[in-house]
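What the sequence shown shows, in full-length UniProt numbering, is residues 1 to 629, in sequence order.
Mixed in with the good hints there might be a few duds.
Claimed, not checked - Think about it this way: if two alpha-carbon atoms lie no more than 30 angstroms apart in a straight line, the pair counts; the simulated DSBU-like pairs of lysine-lysine are: (1) LYS201 <-> LYS353; (2) LYS353 <-> LYS398; (3) LYS565 <-> LYS491; (4) LYS565 <-> LYS398; (5) LYS503 <-> LYS398; (6) LYS503 <-> LYS491; (7) LYS201 <-> LYS272; (8) LYS272 <-> LYS193; (9) LYS565 <-> LYS589; (10) LYS398 <-> LYS249; (11) LYS249 <-> LYS193; (12) LYS565 <-> LYS503; (13) LYS249 <-> LYS201.
No lab work stands behind these hints, which were simulated from the structure alone.
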Amino acid sequence: MLAQQAKQIDITCADSGRTSPSRKREKSPTTFMFIDSSKGGVNAKPDKVVRSFVMKSARNKKSWSTRPKSSKSESTLNAKASRGSLCPYNAQPQASISHAFECGSPLMPLEKWTTTSRSSSRSNSVFSSNSSDWTGNSPVSTYTSPCAENNYADDAFNFPSTQRPSLPSRNTLFIRSLGSFDCLSVQLDTKTKYLLQQFVKVTTPRLLPIDPHRSSEAAATEWIAACIQSPVGAPFVYAALTSASRATKLDTEAYKWRAISEVNRLLSDPSKNTNDTTIATVLILLALEEADLADPRRNGDDRRCSVSVSNAHLSGLRTMIAQRGGLAALNGNRCLQVFILMHSIAQSITTFKRPYALLSTANGQTEDYVTLSSNSAHSFTNMLRQFHNLGIDRGLFKVISTMAVFISDLTSWYDTGTCPVDPLDLQKHASLLLYRLFNWYDNNQYGLNQRDNPQSTVSESICLALMIFMVIATEPNAQPLGCRLSRVTTKLHDTLQHVPNYKWSNAPDLLFWTLTIGALGAKSMTKGFRANSGQITLPYFTQYCRNVVGPQVMFSGDEMLGRVKSCLWVPCIFDERAKRLWTNMGLCKAEVLDVEDTSTSSEGEREQIDDEYALGQSTAMRFFGDGRR
1 MLAQQAKQID ITCADSGRTS PSRKREKSPT TFMFIDSSKG GVNAKPDKVV
51 RSFVMKSARN KKSWSTRPKS SKSESTLNAK ASRGSLCPYN AQPQASISHA
101 FECGSPLMPL EKWTTTSRSS SRSNSVFSSN SSDWTGNSPV STYTSPCAEN
151 NYADDAFNFP STQRPSLPSR NTLFIRSLGS FDCLSVQLDT KTKYLLQQFV
201 KVTTPRLLPI DPHRSSEAAA TEWIAACIQS PVGAPFVYAA LTSASRATKL
251 DTEAYKWRAI SEVNRLLSDP SKNTNDTTIA TVLILLALEE ADLADPRRNG
301 DDRRCSVSVS NAHLSGLRTM IAQRGGLAAL NGNRCLQVFI LMHSIAQSIT
351 TFKRPYALLS TANGQTEDYV TLSSNSAHSF TNMLRQFHNL GIDRGLFKVI
401 STMAVFISDL TSWYDTGTCP VDPLDLQKHA SLLLYRLFNW YDNNQYGLNQ
451 RDNPQSTVSE SICLALMIFM VIATEPNAQP LGCRLSRVTT KLHDTLQHVP
501 NYKWSNAPDL LFWTLTIGAL GAKSMTKGFR ANSGQITLPY FTQYCRNVVG
551 PQVMFSGDEM LGRVKSCLWV PCIFDERAKR LWTNMGLCKA EVLDVEDTST
601 SSEGEREQID DEYALGQSTA MRFFGDGRR
């Protein structure tokens, strides 16, 4: 089939190339048009060369006539245009944008036209598609179909040509919400319909990690269906196909390029460049690019290109949200609003950089969960007294008081499926509480010259442990956590070394809780990862716990749990994990048969873990379920 296509294309290219040699020599490189999203997606005025090229391309693709066309002639012309568009256009970009092509690779042989190179979407532009090198005769594709790109999917799925995958019955939630695939802005064939449905089936249950009951699945499905059905839903469909192809080990670059190309096209329209669906598409593309950073096979130039493209997507997403008036302006689309907030705060906890998007009120404050719950902080006086006895910072104590109410409702949600708020609001407030912890630490962290103030470092230690606790508590199915908590765990390890033991004398159980949470964060790290001080983090927490418990004392797991449950705790999440941890540490009697090896993790012997790798793991585990049990 591909050989026949190649032969037809050779003939087509030969026919189109029957011009005089002098004219061929006089042909100058074609100028490309790139969209600058910082100017609202408005193009610079194209020069004469570009206008001439576009008009010539249009004439070549379809003859100009006012005569009515029959259906037969129309189909014939479309078939010819389709065949002609396969001939790659080899114009070179102008020098002023040559930097955008540094991550590119040579054009692939014609017989491999269905998949672009891995670097085809790499660029320093906010949304660069390296477009004309891949679209054939047109620099901007106004209509594209994923059917051709998916011709190579048969082998991956092991489907004989006579046995196409059948769609599930129309009584499923997805089909009821989406309706007919034939009404979408993108033409799909059977296999791409299958990929699209797989995206919905796999994605919707895990969009909210805090929702193990899948109560939000209907809302998530409805949101995705609205994006797919949108008149500007083409880029979202291609982004969804990219995600589905990634999950099924297919080549994702063709779909990824199509998504970026369609986003670029929408950026030129002020009424569509900040549409909810366009923003959702960029979020998916950003998440996909970040997830690829956790691929250990990406090294050298390929890795640098991934980082560059990821930064470009992030910059574009930030700009689009700002042009909409901030994250609060997306209140009409709760799913999108919560997903962006969740991703933004997850980035901050992983990298300790300020979030790129934050949900705040008109006066710049974050919503307090206490105002929504039927519980009150006064109900947790005994637990909060431990924090008060340590004399921690007043601002941090206020955050902890809200956390006590939130964790109580979260425990009830996990155990019974009941909560004062719905899963979307629960996920939103989990992210907001994480932000408040991060913001307190970021505004109140103390330099090395102030480490002599042990009271300050006690508050820092508690804050860092609470970050780890919240991440684990709000992702019940994410185990192990990988290296995404490596930075916060390392900071906790470093801070604890500056706190004298006597500062914990008023709350010894809170010290043991802090060490246990730190060890849970450290146990998923690789054996080769070391803290800044040069010590291995998990052995440090292990030894410190032994000193607190007593070197010659052995308690039962339930006795140990009694100590930590006087602090913030979610039994269904932490009980068994803590018992396994303490057993491996040699702190309690072996009561759990399934004892985990805490000395290493599934990610292998990686000596150095940078922010990009940790960020990639965070995104991959949150949004794509990589490594989930």
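Query raised in the report: Which hint numbers does the structure go against, in order from smallest to largest?
Result: Hints 1 and 10 are the ones this structure does not satisfy, whereas the remaining hints hold.
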